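Fit chain B to the supplied structure of chain A, relying on the hints for placement.
There are 2 protein chains.
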Amino acid sequence: MSKVRVHISTSLDGYVAGPNQSQEEPLGEGGESLHEWLVALKSWREQAGMNGGEENVSNDVFGDATANVGAEIMGRGKFGPATRGPWGDDPWQGWWGDDPPFRKPVFVLTHHEREPLTLTDTTFTFVTDGIESALEQAREAAGDKDVFIGGGADVINQYLAAGLVDELELHVAPILLGGGARLFEGVGPNLKLEELRAIEAPGVAHLKYRVVK
Amino acid sequence: MSKVRVHISTSLDGYVAGPNQSQEEPLGEGGESLHEWLVALKSWREQAGMNGGEENVSNDVFGDATANVGAEIMGRGKFGPATRGPWGDDPWQGWWGDDPPFRKPVFVLTHHEREPLTLTDTTFTFVTDGIESALEQAREAAGDKDVFIGGGADVINQYLAAGLVDELELHVAPILLGGGARLFEGVGPNLKLEELRAIEAPGVAHLKYRVVK
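Chains as they are written, first to last, in the working numbering: chain A, 1 to 213; chain B, 1 to 213.
Source of the hints: derived by calculation from the structure; they are not laboratory data.
Be aware that a few hints might be false.
Since the list gives no way to pick out one identical chain from another, each pair is judged satisfied if it fits inside one copy or across any two copies.
To be verified - Each computed DMTMM-like pair below joins lysine to aspartate or glutamate, with the alpha-carbon atoms no more than 25 angstroms apart: (1) K3 with E140; (2) K192 with E29; (3) K192 with E169; (4) K145 with D89; (5) K42 with D121; (6) K3 with E185; (7) K3 with D89; (8) K213 with D121; (9) K192 with D90; (10) K42 with E194; (11) K3 with E194.
The model shown is predicted, which means the values in this text are computed figures rather than measured ones.
Same shape as in the complex, but just chain A (with noise of 0.2 angstroms):
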């Protein structure tokens, strides 16, 4: 069956976001930071269809992370608006403009109904009856190929406790936040790990691990 994994840059005290998000700064005060690794990244910068950029052992990593995936499952945090919500009469079409870069099936897990959305290559399903639901739904439009859990920490953290994710990779920032949004909260100690493998890049270490069942 097809794997359902993570990977998520993190502040070395834990946070995949800062305090405040907010419209302005939907990574909250600080949260930028956490991406500095990957923005500078030649992989990272054509897909955004830019030019130039790093080439390092961090491209292999994210080609790695983001190969294989047929779907992503994201929280209402992540999609925003920030102020989350009803969707009211001219509703958020998402942070990413008319051509999200996704170009796959996402699941956006919220509490109010919506029809399906699609922007390009692109089509949202949001999906309001619970993360088994829409993990359900997300393998079934990923066919053979993995289901990618896309934040924010608390959708993570909901799949992690709830004994779901096979993979977990952790791109950790030499930054400190000091509040914001926590990976692992509430997750606890009964979810088992097992270290596949570290490696060390400029400006950021990648933690991989495997969720021992």
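Okay, now just chain B, sitting in the frame of chain A:
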């Protein structure tokens, strides 16, 4: 000038001891698992007077981490007993028996005055006037060598927050503790770090940072 160094084992969710630390479980529930990588090592076993053990890259990391240290500072929690409080008439001698493994001057931060205690090659000096005083005394005792901040989390966090640490190495165990003594609590985003290295080893990842001043 000599450096102030920290190295400590931490869970992937950022705890250096589990919940409910007690006299029976000084490292809290599940906390012993933090050191599985360490107690398996040949170099650690030699230091503890035992034969055998594994030889892998963690031996070198442990060797680096313990080399050139001239004095240690620890908190009352690390010295014990778990109940803390006044020393009483038959004062606690530490967790380590008649021959503690430190073999260098140790400065214990406490709220309760006490005369120095010498056990074989280790002298414990009890410091009641704060972290800066303890560091001054430890630097004096260490001479040209470095000062090691030996924990627990609260003491390390105080030295980090005060900008008094030069190097920080985390031995990240592939476990979650779900609660306990959390590293970096209250340290906040003003501490600037530079990644020095990340090393993959059996059952642990070693992440080393320099504090940028």
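Here is how each hint holds up against the structure:
In this assembly of identical chains, the alpha carbons of K3 and E140 lie at most 25 angstroms apart only when taken from the same copy (12 angstroms versus 56 angstroms across copies). Taking the closest pair of Cα atoms, K192 and E29 come within 25 angstroms of each other only across two copies (15 angstroms); inside a single copy the shortest separation is 32 angstroms, beyond that limit. In this assembly of identical chains, K192 and E169 lie within 25 angstroms of each other by CA distance both inside one copy and across copies; the values are 14 angstroms within and 24 angstroms between. In this assembly of identical chains, the alpha carbons of K145 and D89 never lie at most 25 angstroms apart, being 35 angstroms within a copy and 68 angstroms across copies at closest.
In the homo-oligomer, the alpha carbons of K42 and D121 lie at most 25 angstroms apart inside one protomer (22 angstroms), although the nearest pairing across protomers, at 56 angstroms, exceeds that limit. Taking CA atoms no more than 25 angstroms apart as the test, K3 paired with E185 passes inside one copy only; the shortest distance there is 23 angstroms, against 34 angstroms between copies. Taking the shortest Cα distances, K3 and D89 never come within 25 angstroms of each other, neither inside one copy (37 angstroms) nor across copies (61 angstroms). In the homo-oligomer, the alpha carbons of K213 and D121 never lie at most 25 angstroms apart, since the shortest distance is 35 angstroms inside one protomer and 47 angstroms across protomers.
Taking the shortest Cα distances, K192 and D90 never come within 25 angstroms of each other, neither inside one copy (44 angstroms) nor across copies (42 angstroms). Taking the shortest Cα distances, K42 and E194 sit within 25 angstroms of each other only across copies (22 angstroms), while inside one copy they are farther apart (30 angstroms). Taking CA atoms no more than 25 angstroms apart as the test, K3 paired with E194 passes inside one copy only; the shortest distance there is 16 angstroms, against 34 angstroms between copies.
This entry does not satisfy hints 4, 7, 8 and 9, going by the numbered hints stated previously.
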